[in-house]
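Colleague: Chain by chain, the residues run as shown.
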Amino acid sequence: MRTRRIEWVIEHALFLCAALSVLTTAGIIIVLAVETFEFLREVPLLEFLTGTEWTPLFANPRFGVMPLVAGTLLVSAIAMAVALPMGLLSAIYLSEYAPDRVRRVIKPALEVLAGVPTVVYGYFALMFVTPLLQRIFPQMSGFNALSPGIVMGIMILPLVSSLAEDAMRAVPRGLREGSYALGATQMQTALKVVVPAAFSGITAAFILAVSRAVGETMIVAIAAGQQPRLTASPFVPLETMTAYIVQVSLGDTPQGTLEYRTIFAVGMLLFLMTFGLNLVSTWLRERFREEYT
Amino acid sequence: MKHRADLAFRIVALSTLVFALITLAALVFDVVADGAGRLSWQFLTSLASRKPEEAGIYHALAGSIWVILLTGALAMPLGVAAAVYLEEYGTRSRAARFIEINIANLAAVPSIIYGLLGLGVFVRVMGMGRSVMAGACTLALLALPVVILSTREALRTVPSTIREGSYALGATKWQTIWHQVLPMAMPGILTGLILSLSRAIGETAPLITIGALTYIPFAPDSVWSPFTVLPIQVFNWVSRPQSAFKENAAAGILVLMALLLAMNAIAVFLRDRLQRQGRS
Numbered sequence: 001m002r003t004r005r006i007e008w009v010i011e012h013a014l015f016l017c018a019a020l021s022v023l024t025t026a027g028i029i030i031v032l033a034v035e036t037f038e039f040l041r042e043v044p045l046l047e048f049l050t051g052t053e054w055t056p057l058f059a060n061p062r063f064g065v066m067p068l069v070a071g072t073l074l075v076s077a078i079a080m081a082v083a084l085p086m087g088l089l090s091a092i093y094l095s096e097y098a099p100d101r102v103r104r105v106i107k108p109a110l111e112v113l114a115g116v117p118t119v120v121y122g123y124f125a126l127m128f129v130t131p132l133l134q135r136i137f138p139q140m141s142g143f144n145a146l147s148p149g150i151v152m153g154i155m156i157l158p159l160v161s162s163l164a165e166d167a168m169r170a171v172p173r174g175l176r177e178g179s180y181a182l183g184a185t186q187m188q189t190a191l192k193v194v195v196p197a198a199f200s201g202i203t204a205a206f207i208l209a210v211s212r213a214v215g216e217t218m219i220v221a222i223a224a225g226q227q228p229r230l231t232a233s234p235f236v237p238l239e240t241m242t243a244y245i246v247q248v249s250l251g252d253t254p255q256g257t258l259e260y261r262t263i264f265a266v267g268m269l270l271f272l273m274t275f276g277l278n279l280v281s282t283w284l285r286e287r288f289r290e291e292y293t
Numbered sequence: 001m002k003h004r005a006d007l008a009f010r011i012v013a014l015s016t017l018v019f020a021l022i023t024l025a026a027l028v029f030d031v032v033a034d035g036a037g038r039l040s041w042q043f044l045t046s047l048a049s050r051k052p053e054e055a056g057i058y059h060a061l062a063g064s065i066w067v068i069l070l071t072g073a074l075a076m077p078l079g080v081a082a083a084v085y086l087e088e089y090g091t092r093s094r095a096a097r098f099i100e101i102n103i104a105n106l107a108a109v110p111s112i113i114y115g116l117l118g119l120g121v122f123v124r125v126m127g128m129g130r131s132v133m134a135g136a137c138t139l140a141l142l143a144l145p146v147v148i149l150s151t152r153e154a155l156r157t158v159p160s161t162i163r164e165g166s167y168a169l170g171a172t173k174w175q176t177i178w179h180q181v182l183p184m185a186m187p188g189i190l191t192g193l194i195l196s197l198s199r200a201i202g203e204t205a206p207l208i209t210i211g212a213l214t215y216i217p218f219a220p221d222s223v224w225s226p227f228t229v230l231p232i233q234v235f236n237w238v239s240r241p242q243s244a245f246k247e248n249a250a251a252g253i254l255v256l257m258a259l260l261l262a263m264n265a266i267a268v269f270l271r272d273r274l275q276r277q278g279r280s
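First to last, the protein sequences are chains A and B. Going left to right, the first sequence walks through residues 1 to 293 as our numbering numbers them. Going left to right, the second sequence walks through residues 1 to 280 as our numbering numbers them.
Think of the hints as simulated: they come from the structure by calculation, not from any bench. Note that CB positions come from ideal geometry on N, CA and C, so glycine has one too. Warning: the hint list may mix true and false statements.
Output of the computed footprint for chain B on chain A, the stretches with three or more beta carbons under 8 angstroms from beta carbons of chain B [to be verified]:
| hint | segment |
| --- | --- |
| 1 | 104-117 |
| 2 | 205-218 |
| 3 | 244-254 |
| 4 | 275-288 |
Here's a subset of chain B near chain A, in silico, CB distances under 8 angstroms, partners left out [as the list claims (entries may be wrong)]:
| hint | residue |
| --- | --- |
| 5 | His3 |
| 6 | Phe9 |
| 7 | Ile22 |
| 8 | Leu24 |
| 9 | Ile103 |
| 10 | Leu117 |
| 11 | Leu141 |
| 12 | Ala168 |
| 13 | Leu169 |
| 14 | Lys173 |
| 15 | Val238 |
| 16 | Gln242 |
| 17 | Lys246 |
Starting from the given sequences, assemble the full structure and let the hints guide the process.
Modeller: Here's what the structure looks like:
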């Protein structure tokens, strides 16, 4: 009898630990929502979302988040322009060509690339990649979108590569053999059979990578500058949503002020963007799993 | 002709991988070239200073070790308990399914958002201030999804015959888990834990958001002390205009990378050692 009671207590204690994750999600949403609500009482939602000037720390503050969103999207787009083709090509190589011996060396090396702290990538972008790029583009400023974008792309590459490789390996052997039987080469099989067959899995990997790029903080905080600016030029300083949160956190903004609340409002927008991307990615992966089981 | 295109494609695909690895090599080379000259016993044992040549990393190294030990102490019991529940108890219940989806989503939330959560909940509402404790609680929440995931994988490697044998001898479910399943899964659990902590030790953004200080002239002496950590100190030095501070940043990165390597080595060592014990 006593043992049974102990068993009951233990099971429910374990359940509470597991339920902590639900509490974490609820905590994130509540903390962001409460401060965002207070923020929106003073700044109309439409002005926040469509305004093209972001100067909350000035004497005459303006709260249009567009420059921060544009900066985030520009850097993410550059990162994806690097990570997408390179990640896909390396996934094709690892899944379709690489002998086991080579895979065993390359995969751990890629994991090292994914394990480097982001602040180190920031240093690398600012101190190595930017000076290198300035030799090619002399008009480029010391802080810019291009250098952190490229470095971020390389940081995300292992994620794209390993998820896309998983998707391609899940494609049944029979499809490849059918293609060879029709006289196709390895390249034709990879590009015209395997990649299309793994398409939703590969797309899921890309979307997850975009979400990672949008939420990445330290590389842009170090190498992209802190000047909110609505621009499509990759050569001038700008500011992303994440870098803005860092900038305000470093200063001594008192709690309860409008400036303090801006970081939660920007955080809320960031959370909604990444959450939406993650949902789409999960949905695509689930669908892919169903196709081949 | 067809085969020449095939060969060219194969070379292009391989060269993307080579390019990525060359970048990694350039990164390591660049940091070593900039920072190795600054690395010395004095650098490791000195506190922060406004003069770059006198500044050291001791306070940040101590802060990182404090935070990471406390993070591990919080994340391990919680993560293992959650994983045991999901893997051994609630496999079919709807609540467990909901929790699983939730954990997968949390794993993809940007780390800076956890910083805002920590700022709102631990620093303000719970009144922990900008302390080691608030930092460790924040990082523990950040590390939990990974700890849970790797623990579940470790639990899955324990064959079901072990559980059935234990039940056949009259053990209860919890006795089986505590005396049979967990000890067998321990190498995998510890490896996963250390690897997730080695991620957490490089985290910068969430700790900046909860207000870990960027200039602090002392090492923490309790869990309620204000603190800074290695990556924040590196960030602080990188953002200064003087080039002497940039050298300090590179040397700080070398210390951080050495710590990461040491943690990974411990993980590999533990896994090998415990696996050998498990077999004998």
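Colleague: Honestly, which of those hints from before does the structure not fit?
Modeller: 7, 12, 13 and 16
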